Amino acid sequence: MEGPEIQFAEATIDNGSFGTRTVRFETGRLAKQAGGAVVAYLDEDTMLLSTTTAGKYPKDHFDFFPLTVDVEERMYAAGKIPGSFFRREGRPSTDAILTCR
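Quick note, this note's numbering runs 313 ahead of the 1-based positions in the sequence shown.
Some hints could be false.
The calculated label-pair distances, taken between Cβ atoms and stated as ranges, are [said to hold, decoys possible]:
(1) Asp376 x Asp408: 33 to 43 angstroms
(2) Lys369 x Asp408: 31 to 41 angstroms
(3) Met360 x Arg404: 20 to 30 angstroms
(4) Ser330 x Asp376: 40 to 50 angstroms
(5) Thr412 x Thr365: 16 to 26 angstroms
(6) Asp327 x Asp408: 28 to 38 angstroms
(7) Leu411 x Thr325: 29 to 39 angstroms
(8) Gly329 x Ile410: 30 to 40 angstroms
(9) Thr412 x Met360: 14 to 24 angstroms
(10) Gly329 x Asp376: 36 to 46 angstroms
(11) Leu411 x Thr364: 15 to 25 angstroms
If you are wondering where the hints come from, they were derived from the structure by calculation, not from laboratory data. Predicted, not measured: the structure shown is a model, and the values here were computed from it. Just so it is clear, CB atoms sit at the ideal spot from N, CA and C, and this is done for glycine as well.
Could you put the whole structure together from the sequences, leaning on the hints where they help?
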């Protein structure tokens, strides 16, 4: 099979404190197919996963930085799991649509 060479990353963990809270950053464990990924933990109860990808060949015809941000709000991420069986969560709320814009 041909294609780009897959490189294996080792997990890197960095701990610190911010006031009375503990902050921990991890990279190399989740989202291994992304160009870069960082997981940030705040006091072991809040988690944020941030990933980024970039093209292999830069495009010189842009006079700006084309940045795209995708945000998805999921009910199960907030611990709100519906009681009945759903295959999908359905249409996002108006607040979720406005947040993504």
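So, going through the hints one by one against the coordinates:
1. For aspartate 376 and aspartate 408, the hinted distance range of 33 to 43 angstroms is satisfied, since their beta carbons lie about 34 angstroms from each other.
2. Remark: the range hint 31 to 41 angstroms for lysine 369 to aspartate 408 is upheld by a beta-carbon distance near 37 angstroms.
3. For methionine 360 and arginine 404, the Cβ-Cβ distance of about 26 angstroms falls inside the hinted range of 20 to 30 angstroms, so the restraint holds.
4. Our hint of 40 to 50 angstroms for serine 330 and aspartate 376 holds, since their Cβ atoms are close to 42 angstroms apart.
5. In this structure the hint that threonine 412 and threonine 365 lie 16 to 26 angstroms apart at CB holds, the actual value being about 20 angstroms.
6. Against the hinted window of 28 to 38 angstroms, the Cβ-Cβ separation of aspartate 327 and aspartate 408 comes to about 33 angstroms, which satisfies the hint.
7. Distance hint check for leucine 411 and threonine 325: the Cβ-Cβ separation is about 36 angstroms, which falls inside the suggested range of 29 to 39 angstroms.
8. Separated by about 35 angstroms at the C-beta atoms, glycine 329 and isoleucine 410 satisfy the suggested range of 30 to 40 angstroms.
9. For threonine 412 and methionine 360, the Cβ-Cβ distance of about 18 angstroms falls inside the hinted range of 14 to 24 angstroms, so the restraint holds.
10. The hint said 36 to 46 angstroms for the Cβ distance between glycine 329 and aspartate 376, and at roughly 38 angstroms that hint holds.
11. One distance hint, 15 to 25 angstroms for the beta-carbon pair leucine 411 and threonine 364, holds here, with the actual separation near 23 angstroms.
Of the hints listed earlier, there is not a single one the structure fails to meet.
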